[in-house]
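Going line by line, the protein sequences match chains R and P.
All residue numbers for the first sequence refer to our numbering, where the first residue is 706 and numbers rise by one.
All residue numbers for the second sequence refer to our numbering, where the first residue is 71 and numbers rise by one.
Among these hints, one or two may not hold up.
[Said to hold, decoys possible] Within a straight-line C-alpha distance of at most 20 Å, the following computed SDA-like cross-link-like pairs (lysine to any residue) qualify:
hint	chain 1	residue 1	chain 2	residue 2
1	R	Lys791	R	Leu739
2	R	Lys772	P	Lys158
3	R	Lys747	P	Lys158
4	P	Lys122	R	Ser758
5	R	Lys772	P	Gly135
6	R	Lys772	R	Asn734
7	P	Lys138	R	Val793
8	P	Lys138	R	Leu760
9	R	Lys707	R	Leu739
[As the list claims (entries may be wrong)] Sample of chain R residues facing chain P (criterion: CB under 7 Å; computed from the structure):
hint	residue
10	Ala709
11	Trp750
12	Ala820
13	Asp821
14	Ala829
15	Glu831
16	His834
17	Glu839
[Claimed, not checked] Simulated restraints on C-beta separations:
hint	chain 1	residue 1	chain 2	residue 2	range
18	R	Arg748	P	Leu100	42 to 50 Å
19	R	Gln795	P	Ser133	20 to 28 Å
20	P	Leu100	R	Asp743	37 to 45 Å
In short, the hints are calculated from the structure, not lab data.
By construction, the Cβ of each residue, glycine as well, lies at the ideal position given by its N, Cα and C atoms.
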Amino acid sequence: MKEAGSDSIKAVYKKADASGVLLAFSLWNIGEVLGTLDSYMKRKWIDEDGFASALDSFAGETLRLAKLMTLEVVPLTFDLLSEAWKVVLQYHVYEADAIQIASARSLDADIFLSADQKLLEVAARENMHGINVESEEEKLLRML
Amino acid sequence: MGKVSVYIDEELWKKFKKMIVQRTGDTRSLSREVQTLIEETIVEKTLLDAFKRLGLNLEKLPSFGDIKLVVPTEPTSSGRIVREMRGKRAESISG
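Could you put the whole structure together from the sequences, leaning on the hints where they help?
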């Protein structure tokens, strides 16, 4: 999707494609991608063809990078969810946000990418190096 | 399909076997249950099956250069949409 932050994400995926970084996101996020694309279509920001194309590309790219082992989809295990519950209580965030923090922590991630400033603040309090993909694109590109 | 040996805490294994017998009536599906747990950890195969169930076209996985960005009719931010979705969910939980 060509939108705010998409150049940053494209650069990160390009780097992963060349095995330059290991990408990871939570299994939870796949449902949010579906929900976001569905929301775009309902609002008529994309048509059915755009929806199908974006979804096929996302799924295909996810599977291809997973096969190359440059993308890890973090499963929602009991251990991970129980770590997320601690984050919920500690930072008073909703579980979906807490899952992002717990997933990144479980992998000891070097960089935490998000477009959500509130979530990035929580990541910073967890001593993670957070980057806002929408407003800190240049910083991210310099790091890659 | 191959036979593998692993070391597992005995008590834990007994409990697991008991749980499977309670659920299925016998121990024949034990290997399949262990395999499912492993697949859910590795995710790749489970994800492929899940995407296929959604009816997605996965005959050929795209190379990086094949990906064409879809351009919405309005300037969009998926970060904002995700925030909205999470916010709605939190509101519905708190009543």
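Status of each hint after checking the structure:
1. Lys791/R / Leu739/R: Answer violated: Lys791/R to Leu739/R is near 27 Å, above 20 Å.
2. Lys772/R / Lys158/P: violated (35 Å)
3. Lys747/R / Lys158/P: holds (17 Å)
4. Lys122/P / Ser758/R: Roughly 15 Å separates the two Cα atoms, so the pair holds.
5. Lys772/R / Gly135/P: Holds, at roughly 17 Å.
6. Lys772/R / Asn734/R: holds (19 Å)
7. Lys138/P / Val793/R: violated (37 Å)
8. Lys138/P / Leu760/R: Holds. Lys138/P to Leu760/R sits at ~12 Å (cutoff 20 Å).
9. Lys707/R / Leu739/R: holds (16 Å)
10. Ala709: holds (4 Å)
11. Trp750: holds (4 Å)
12. Ala820: holds (3 Å)
13. Asp821: holds (6 Å)
14. Ala829: It is violated, given that the least Cβ distance between Ala829/R and chain P is near 17 Å, above 7 Å.
15. Glu831: At 18 Å from the nearest chain P Cβ, Glu831/R fails the 7 Å test, so the hint is violated.
16. His834: At about 18 Å, which exceeds the 7 Å cut-off, the nearest Cβ of chain P leaves the hint on His834/R violated.
17. Glu839: Where the cut-off is 7 Å and the nearest Cβ of chain P is about 6 Å from Glu839/R, the hint holds.
18. Arg748/R / Leu100/P: 42 to 50 Å: holds (49 Å)
19. Gln795/R / Ser133/P: 20 to 28 Å: violated (42 Å)
20. Leu100/P / Asp743/R: 37 to 45 Å: About 39 Å separates the Cβ atoms of Leu100/P and Asp743/R, which means 37 to 45 Å holds.
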